[in-house]
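Visitor: Sequence:
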Amino acid sequence: MAGLLVDVYGLDELPASPSAPVTCLWLLHPRTRTRGRMHDIAARTVKAWHGSPEAAKRGLVALCFDMPNHGTRVVSERANGAWAAGNDTHAIDMLGMVKGARADMSGLMDVVAGYLGRENVDGHVVLGWSLGGMRRGRPGWGRRGWTPRCL
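Sequential numbering of the sequence shown, starting at -15, is according to the working numbering.
A hint or two may mislead.
[Said to hold, decoys possible] Straight line, CA to CA, 16 Å or less: simulated EDC-like cross-link-like pairs of lysine to aspartate or glutamate:
| no. | residue 1 | residue 2 |
| --- | --- | --- |
| 1 | LYS31 | ASP72 |
| 2 | LYS31 | ASP77 |
| 3 | LYS41 | GLU(-3) |
| 4 | LYS41 | ASP(-4) |
| 5 | LYS41 | ASP106 |
| 6 | LYS41 | GLU103 |
[As the list claims (entries may be wrong)] For each label pair, taking beta carbons as the anchor points, the in silico distance ranges come out as:
| no. | residue 1 | residue 2 | range |
| --- | --- | --- | --- |
| 7 | TRP67 | ALA32 | 35 to 41 Å |
| 8 | THR73 | HIS23 | 29 to 35 Å |
| 9 | ALA32 | ILE76 | 24 to 30 Å |
| 10 | PRO(-1) | SER60 | 21 to 27 Å |
| 11 | VAL95 | GLY70 | 24 to 30 Å |
| 12 | GLU61 | ALA40 | 43 to 49 Å |
| 13 | ASP24 | ALA69 | 25 to 31 Å |
| 14 | GLU(-3) | GLY80 | 32 to 38 Å |
| 15 | ASP(-4) | ASP72 | 44 to 50 Å |
| 16 | ALA40 | ILE76 | 30 to 36 Å |
| 17 | ALA87 | GLU61 | 21 to 27 Å |
| 18 | ASP(-4) | THR56 | 23 to 29 Å |
None of these hints come from the bench; they were simulated from the model.
We put the CB at the ideal spot given by N, CA and C, even for glycine.
Generate coordinates for the entire structure from the input sequences, incorporating the hints supplied.
Guide: Structure (structure tokens):
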């Protein structure tokens, strides 16, 4: 999706009509982990949602991608380390990864409806911790029509 490997959970459970509203739950993994770390949370959340009466009217998909310099995107293992691990540029490395993830998230939000083949992706919820928690605070702030709500 837009040049990134993105795992999407819940596609088969979406309402049949492509115009049915869909919410995207973006799951952002911690530092030194990968998108695979979010699989269990994604599967359980999608299962719980699609067991609810609201699921007939609104779809939910959970999406996970590797944060910058993690998983399939690793360039430098050292840059993922903390000061205690001997990474003297830890703060700069983290800032770069957080800003890079912000740009990734914004770009994915812009195109996700087309990739899903849906006409009405009208909600985005972001859940993350550690590196993902730093990133989740401002994915779309400043975007027209976006109401920031952080978990």
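Visitor: Does each hint hold? Answer for all of them.
Guide: Cross-check of the supplied hints:
| no. | hint | verdict |
| --- | --- | --- |
| 1 | LYS31 x ASP72 | violated (43 Å) |
| 2 | LYS31 x ASP77 | violated (36 Å) |
| 3 | LYS41 x GLU(-3) | holds (12 Å) |
| 4 | LYS41 x ASP(-4) | holds (15 Å) |
| 5 | LYS41 x ASP106 | holds (13 Å) |
| 6 | LYS41 x GLU103 | holds (14 Å) |
| 7 | TRP67 x ALA32: 35 to 41 Å | holds (39 Å) |
| 8 | THR73 x HIS23: 29 to 35 Å | holds (31 Å) |
| 9 | ALA32 x ILE76: 24 to 30 Å | violated (39 Å) |
| 10 | PRO(-1) x SER60: 21 to 27 Å | violated (43 Å) |
| 11 | VAL95 x GLY70: 24 to 30 Å | violated (39 Å) |
| 12 | GLU61 x ALA40: 43 to 49 Å | holds (46 Å) |
| 13 | ASP24 x ALA69: 25 to 31 Å | holds (27 Å) |
| 14 | GLU(-3) x GLY80: 32 to 38 Å | holds (36 Å) |
| 15 | ASP(-4) x ASP72: 44 to 50 Å | holds (47 Å) |
| 16 | ALA40 x ILE76: 30 to 36 Å | violated (48 Å) |
| 17 | ALA87 x GLU61: 21 to 27 Å | holds (22 Å) |
| 18 | ASP(-4) x THR56: 23 to 29 Å | holds (24 Å) |
Hint check: violations occur at hints 1, 2, 9, 10, 11, 16; the rest are consistent with the structure.
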